[in-house]
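Using the sequences provided together with the hints, build the complete structure.
Protein chains: 2
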Amino acid sequence: MAAVYAQAVQTLIDELGRLPGIGPKSAQRITFHLLKLPTEDAERLANAIITAKARVRFCEQCFNVSEDELCSICADPRRDQTVLCVVEEARDIIAVERTGEFRGRYHVLMGAISPIDGVGPEQLKIRELLRRLGSDTVQEIILCTNPNVEGEATAMYLARLIKPLGLTVSRIASGLPVGGDLEYADELTLGRALEGRRIVD
Amino acid sequence: MAAVYAQAVQTLIDELGRLPGIGPKSAQRITFHLLKLPTEDAERLANAIITAKARVRFCEQCFNVSEDELCSICADPRRDQTVLCVVEEARDIIAVERTGEFRGRYHVLMGAISPIDGVGPEQLKIRELLRRLGSDTVQEIILCTNPNVEGEATAMYLARLIKPLGLTVSRIASGLPVGGDLEYADELTLGRALEGRRIVD
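Going down the list, the protein sequences come from chains A and B. FYI, the working numbering numbers position 198 of the first sequence as 198, with every residue one higher than the one before it. FYI, the working numbering numbers position 133 of the second sequence as 133, with every residue one higher than the one before it.
Each hint should be verified, as a subset may be incorrect.
Copies of the same chain look alike in the list, so a pair counts if it fits in one copy or across any two.
[Stated by the list, open to error] No farther apart than 30 Å at their CA atoms in a straight line, the calculated lysine-lysine pairs in the DSBU-like style are these:
{"hint": "1", "residue 1": "Lys36", "residue 2": "Lys125"}
{"hint": "2", "residue 1": "Lys36", "residue 2": "Lys25"}
{"hint": "3", "residue 1": "Lys125", "residue 2": "Lys163"}
{"hint": "4", "residue 1": "Lys25", "residue 2": "Lys125"}
Hints listed in this document are in silico derivations from the structure and should not be mistaken for laboratory results. Since we're looking at a predicted model, the values are computed, not measured.
Have a look at this one:
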C-alpha cells in the first residue's frame, strides 16, 4: 500500500487534507485533478496562495482582510461611523455587505468564545473593540455573531461588557429563513421566531 | 461589493473555486483559513503543488501516477503479469489495492466514454491498452470501471473490443454494499444484486 503513491503525490494529498472541509477522499480527488491539469494552471493556484500570504494582512482597525493598513471599508469616509457591526470572521463581512442593509463599519473578532476549543475572550479581538469604543464616535453596536452556541455566548458576553458604556447594543434576529417552510423548521428556530415576533401594523 | 475583498484574496478564492468539489463558499472558507495560518504552513501547500507537478508524471505502461518511468506496481516483478485490471482513474488503483484481493497489474484509461462531455474512446488510453495486450503475457482483463452509465458504456465497449482477441474478460459485480440495508437500496442496485445472485453451496 505505502509504495503505491509517489511521495510527492502523498505529500500533496496530506497538505490538501489539512484544509477545512476537505476530507481524505476530496484531497485525493483534488490531487489527481491537479496532476492532470496543465502545469501553468496548477502553478497559478500555488502562486495565488503565495501572493495572498505575502500581500494580505488584517486591517489595523477592524481586522478585515486588507492589502493596506486600513481595509477599504475603514478607509471609506462615506461609511457611517456611528454604527459598528461585530462579526466573528472577515468572511462574515461579505455576507452582511451583500444585504445592502448596512452602511456602518465592522469589527472582526477573529473567532467566537468556545471553551471546548480553548478559545476564551482574551483570544478574540475584544480588547481592540473596547479601545475603538473608547475613542470612536460609535453609538450603536450590532452583535452579528453566528446564531449558534458559541456565537450566542460571545454576543451575551459582549452585551454585558458594552452596555455599561452607555451604547445601544442590538443582536441580529433569529427566526425562519425567508422562503423557508414551517413544516421543515427545527423547533429551536421556530421557537426563536415566535419569541421574536413583531406586531403587524 | 467589489472593493470589499482585496485583489489577492479574490484571486485565491477564484483559483480554489476551480477545484473539483469546491464551491464558492468552500473556496472562501479555505481562503480565510489559509490567511489565518502561519505563512510557512500555507507555503507548504503551495510547494506541495509545485513539487508534485514537477516530479510526478504518468507511468509509461499503465498511466498510474509515478515519479519514475514505470510506477511501483509495473516495476514490481512479483505482481502477476497475466491479469490486468482496467480502471478509469489512477486513484481507483488505490481502492483496488486496499482490498488486498488483487495481485495483478493495472491499466488506467484516464477517463470513461461520455459523449455528453465529448469523451470518446480515442480520448482514453485504449490504444495503449491494446498495444499491451498484443505484446504482454496478459490472459485475463478485469473491467473495473465505475458502475455508472459512463463506466458501464466503457466496459461494454472494451469487452466487445477485447473478447475477439481470445482473452478472458470479466466485469466487477454490482450489488448491495456489504453492511448495507435492503430497505434503503435503490431498485437498480437491488435489481443488479438479484441478477448477479450466486448459488449457495
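Structure-based check of all given hints:
Taking the closest pair of Cα atoms, Lys36 and Lys125 come within 30 Å of each other only across two copies (14 Å); inside a single copy the shortest separation is 43 Å, beyond that limit. In this homomeric assembly, Lys36 and Lys25 come within 30 Å of each other (Cα to Cα) both inside a single copy, at 17 Å, and across copies, at 24 Å. Proximity of Lys125 and Lys163 under a CA criterion of 30 Å is satisfied intra-copy only: 18 Å inside one chain copy versus 69 Å between copies. Taking the shortest alpha-carbon separations for Lys25 and Lys125, only the inter-copy value of 24 Å comes in at or below 30 Å, while the best intra-copy value is 35 Å.
Violation of the numbered hints given earlier is absent; every hint is satisfied by the structure.
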